[in-house]
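Now that you have both chains on their own, put them together as the hints suggest.
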Amino acid sequence: MKNTIKHIITICLVILSLHSFSQTKELKGYKIDGDEIVFTFDKRDYKRASKTLPFFGKFKNFEDIDIKSVGVSGNFNNWSMKNWKMKKVSENIYELRKKINNFSNNFTWEFKFVVNEYYWAEPSKKDINSIPASKDGRPLYVYNLKLFTSLHKENGNAKFKLKGYPNAKKVILSGTFNKWDERVFQMKKQGDDWVLNLELKPDIYEYKFIVDGDWISDPDNKNFKDNEHGTKNSILNISKKVTFNLYDCKEANEVILCGSFNNWNEDEIKMSKTQKGWTFSMLLKSGKHHYKYIVDGNWITDPFNSVKEFDENGNINSVIMIK
Amino acid sequence: MKKENNIKILLTLIIILVHSCYLFASKKDDITFPNSKYLNEHTVRIPLKIVDHLLIIEAQIQNKKGNFIFDTGSETLILNSVHFPIKYKPLKKKGTTSGVLNTLDNPVEKRLKEFNLKHFSLKNKSSDVINLSHIEKSKKIKILGIIGYNILKDYEIFIDLYLNQITLTKVDKKGNKLFNKVYAEKIADSVSFKLKKHTIVVHSNVNGENLRFGLDTGAEYNQLNKNLNKKVYKLFLPKKRLMLQGASSKKIEVMSGTLIKLKLSETVFVGPMKTMITNLSKMNNAFGTNLDGIIGYEFLKRKRTIINYKKEKLYFINNPKFRM
Numbered sequence: 247m248k249n250t251i252k253h254i255i256t257i258c259l260v261i262l263s264l265h266s267f268s269q270t271k272e273l274k275g276y277k278i279d280g281d282e283i284v285f286t287f288d289k290r291d292y293k294r295a296s297k298t299l300p301f302f303g304k305f306k307n308f309e310d311i312d313i314k315s316v317g318v319s320g321n322f323n324n325w326s327m328k329n330w331k332m333k334k335v336s337e338n339i340y341e342l343r344k345k346i347n348n349f350s351n352n353f354t355w356e357f358k359f360v361v362n363e364y365y366w367a368e369p370s371k372k373d374i375n376s377i378p379a380s381k382d383g384r385p386l387y388v389y390n391l392k393l394f395t396s397l398h399k400e401n402g403n404a405k406f407k408l409k410g411y412p413n414a415k416k417v418i419l420s421g422t423f424n425k426w427d428e429r430v431f432q433m434k435k436q437g438d439d440w441v442l443n444l445e446l447k448p449d450i451y452e453y454k455f456i457v458d459g460d461w462i463s464d465p466d467n468k469n470f471k472d473n474e475h476g477t478k479n480s481i482l483n484i485s486k487k488v489t490f491n492l493y494d495c496k497e498a499n500e501v502i503l504c505g506s507f508n509n510w511n512e513d514e515i516k517m518s519k520t521q522k523g524w525t526f527s528m529l530l531k532s533g534k535h536h537y538k539y540i541v542d543g544n545w546i547t548d549p550f551n552s553v554k555e556f557d558e559n560g561n562i563n564s565v566i567m568i569k
Numbered sequence: 069m070k071k072e073n074n075i076k077i078l079l080t081l082i083i084i085l086v087h088s089c090y091l092f093a094s095k096k097d098d099i100t101f102p103n104s105k106y107l108n109e110h111t112v113r114i115p116l117k118i119v120d121h122l123l124i125i126e127a128q129i130q131n132k133k134g135n136f137i138f139d140t141g142s143e144t145l146i147l148n149s150v151h152f153p154i155k156y157k158p159l160k161k162k163g164t165t166s167g168v169l170n171t172l173d174n175p176v177e178k179r180l181k182e183f184n185l186k187h188f189s190l191k192n193k194s195s196d197v198i199n200l201s202h203i204e205k206s207k208k209i210k211i212l213g214i215i216g217y218n219i220l221k222d223y224e225i226f227i228d229l230y231l232n233q234i235t236l237t238k239v240d241k242k243g244n245k246l247f248n249k250v251y252a253e254k255i256a257d258s259v260s261f262k263l264k265k266h267t268i269v270v271h272s273n274v275n276g277e278n279l280r281f282g283l284d285t286g287a288e289y290n291q292l293n294k295n296l297n298k299k300v301y302k303l304f305l306p307k308k309r310l311m312l313q314g315a316s317s318k319k320i321e322v323m324s325g326t327l328i329k330l331k332l333s334e335t336v337f338v339g340p341m342k343t344m345i346t347n348l349s350k351m352n353n354a355f356g357t358n359l360d361g362i363i364g365y366e367f368l369k370r371k372r373t374i375i376n377y378k379k380e381k382l383y384f385i386n387n388p389k390f391r392m
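From first to last, the protein sequence lines are chains A and B. Read left to right, the first sequence gives residues 247 to 569 (the numbering used here). Read left to right, the second sequence gives residues 69 to 392 (the numbering used here).
Just chain B, with the same shape it has in the complex (with noise of 0.2 Å):
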């Protein structure tokens, strides 16, 4: 009997001990999201700053708070080497990260063992450590870092640029939500989806091809790959060609237009939109995709976008048609 008692007590020192090894690192590793309205334990509601064409939302990290720019197109949590200095020695090197981050070089990866999202916590979340003082410089702004597809592939994800803010709701492994009252208003539309790694590949038709655009938060604007069939730019307005870099001596003459119209099916129309006309084929070496175009910002403009990755399916709110 005191053998019993004995390891009873020891148990519960074990348990003591692992939950509040347990608090302990999820505090130095904890994200919140101040500023954010909790509407019940599993879903969140975050306010979008939009700087140019990005989306930024303001985090905490590690007793940091600030600004991050809410990047599907990056496959991990990112974090500003400037404002968190490497300590490890790099586990491994990665080429991964899109967007905005097109140009990085040796992202270093970075555990975190805890990403909390108040009352729920995603354990083991990995995070690249990169410099992003070049993002900080063009936007005038300070940037913690990204927050990208590893975070939020266990949300269901709605980016409402009308609203300018980003709900995120907890779903299951099935992708159903834990809470439901949480859109009030109709879902007007939906569409499927593939997840090519961490990229959201939308199968649509432009003026009857059937073209594959990876939608990306993070694209400030909409690209379309050069050598497509030519029945696809019929639907494209050209402006003007474009030197792309302004003056630099990298300059690349893209074209850039108007896509009067996307066809996400038989009921989904989105256009026109800005788009420019650019080579895509070295971001697809990367991402080991095939993508034909990317949608981001000029899209989300018109669309209010719910993700949910894995029910693999996007939906959509209608914009309000009276506005006071």
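Just chain A, with the same shape it has in the complex (with noise of 0.2 Å):
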């Protein structure tokens, strides 16, 4: 009787062992090459099929399909099952190019291959992108692909670091700009440390680590937030370097470049002058920011931004706008 249960337990460890190795680690569906989001369609990844309406929920063997087309169907293109199609590539696979400029960074992309303009490619709950479907919260037992645009970039302008944690198995960046997601964004180990580098637009962004599992935020990044579990978000805002040109006041002799973004202080930005007028560049975070010239000692808006707001005073200031 003992024997049966150890053997009983034995098999389920072995199932559930079997189970967690079986996930897939590389993303489904696509890749990112460059500026471009490269839908990719291997047949011999899918098992079954669904079909359009009307008989919606049952499945056909994969293998059965006599594959004419491959179209690629999201709420990018509002699940166009006739529209995105690919191009086949070799016996297998099955290939579309899309510029990534087309995607927005904040938007959920869901997707799935259309077999035929009629069958569903199904993707499996292993794969590491998938997420169940649903509608208005309703689920419809079957999953959808997941698109991420935040880029994995070697010199990325957002470096997540996680120091120390060197017997952690596995360390996943979570935040708003993966909605959250939990299992995609794999830091990679580099020492005693986890890293991992994004291709970020100028915003403000939450995020945490999640390792082996438990949920903390970033320990070395003092800028956070309360959220409505009781812990902290970690907070990331990206800069963009911008360029300020004042193509007048050529006769000036100098030019103070002064904003709410360095508290208005009158000397501490001297602009260069050029042939064209004058020049500062510089990194600004994410957001709105007011900004004057001072032409030898005179305050000027910019005149070649028409974005224009008052302070609290009665004043109009220059706005510029990093997103």
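Quick caveat, the hints were computed from the structure, so don't treat them as lab data. Glycine included, every Cβ here is placed at the ideal spot set by N, Cα and C.
With the Cβ distance kept under 8 Å, some of the chain B side facing chain A (calculated, not the full set): (1) Lys210; (2) Asn232; (3) Lys249; (4) Ser324; (5) Met344; (6) Pro388.
See below:
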């Protein structure tokens, strides 16, 4: 009897470990190549397909389908079954390239492949970027594939680093840039630390690390915000390099740039004279900044920027938006 | 003389009592906008987050601070029952919320004693208490509620998707701003609209055909009613036949594409805009409107728009031509 129990436990453990190891680590269905998203369909990756209406819910063996065409369908094309046709690049593989700029950063993109404009190629729940499909909060009992436009880039402008945790098995980076996904953004081990670089648009992002299942805020980041779980989210504000140009006032002796970004300091930023006028480049955090030029002691708004606002005292300032 | 004094004291006491009750009440139901800039006692600039195509602002009510959807398509202030449990029995049932909420059942009305925007307050506003967890799940953010028409109608509202902010300025009964130094940029143009209940109906023209469009800040996509005059669809470039609901058991074949040009007046044009052709009859029935289309995020992205409900006018400020 005891032996039977032992056997059952062993078998269960084996099944469990097989299940956890069998999870694919590669993102399914697409890759990012430079400034393009390359949708990639390999027919060997799919075991079953579901039909469109009226037989939804019944599955067909994928091998039984004579593939004539493959398309990409997702919320980026309002689930078109007929439009985004893929090119056959080898016997088993189809591809479609799209510019990454067409996909805004802050949208949750989900997609599937459509075969013969009729069958949905069903992803497996084991695929790392699969997500249960739902409609208005109701489960559909199938999976979609998730697409992330945040770029993993060696020289990305957002460098995430978690110091320590040398014994951790897996560290995930989760935040507003990936809609708090808990699986895909796996950090890489570098010595005792964990690192991941992303290319993000200027904005304010919230994030946390998931260390072997435990959510922690970034211990080396003092900017944080309370969240609804009673813990703290770390905050990252991505900056952008901008150049202020005043193509005017060539006769002036000195032009100072000042604004909300330097607390309206009247001495700090002296602009450089060029053939066209005056210039200055600097890194600015995401968001709205008020500024003005002081030309030989006279405060002026930027004559080349139509965006202006009143401040609390009724003064008019020029406005630059970093996003 | 003594009697008069006594009456004065009594009156003073009553005033103090009433005032303190009022203060107590307002403390409970105040809504304020943290992280916003109050230009003066009548004007506030509220930073705007755009999540997918929804406009989200941060506000605080009943000591809870968080995200609210900014939705002119909603008739009332809506509180999410997940975060504001219903303490009372329903006063009445309503069914007139739209936009992101068109699938809701039985919203329950809850009366707020006061809606307060720092120095000035709006009293006796009603709010619906509804479960909004499906939006929270799909957008992956905590949503405390939806700020709708009954909160906004006493303000002039500048929705600026270039500077990602909303400016609210208190107006008088005629719609005149109580403070003038609000916009430093020029108003480039304006068009009139008709207010049908809470819906902003703009008379516009597509390819010579006069159409009625509803402006709804909660509409993530523009919509064009099907069965319009064929002339209209000549300015609509269909891109694909859509299965709107994705891998859902309730698929609707609709057409998505681009509306090339929408003419709001002789001088105000907008387009091309991503638009879907759909059936608006259910919504028209619910709202008592007769709309040929809905314009929302896609429109606001292209037009920095000011809404004045009292004057029934939309004003536009140009996007900058030169960007650093």
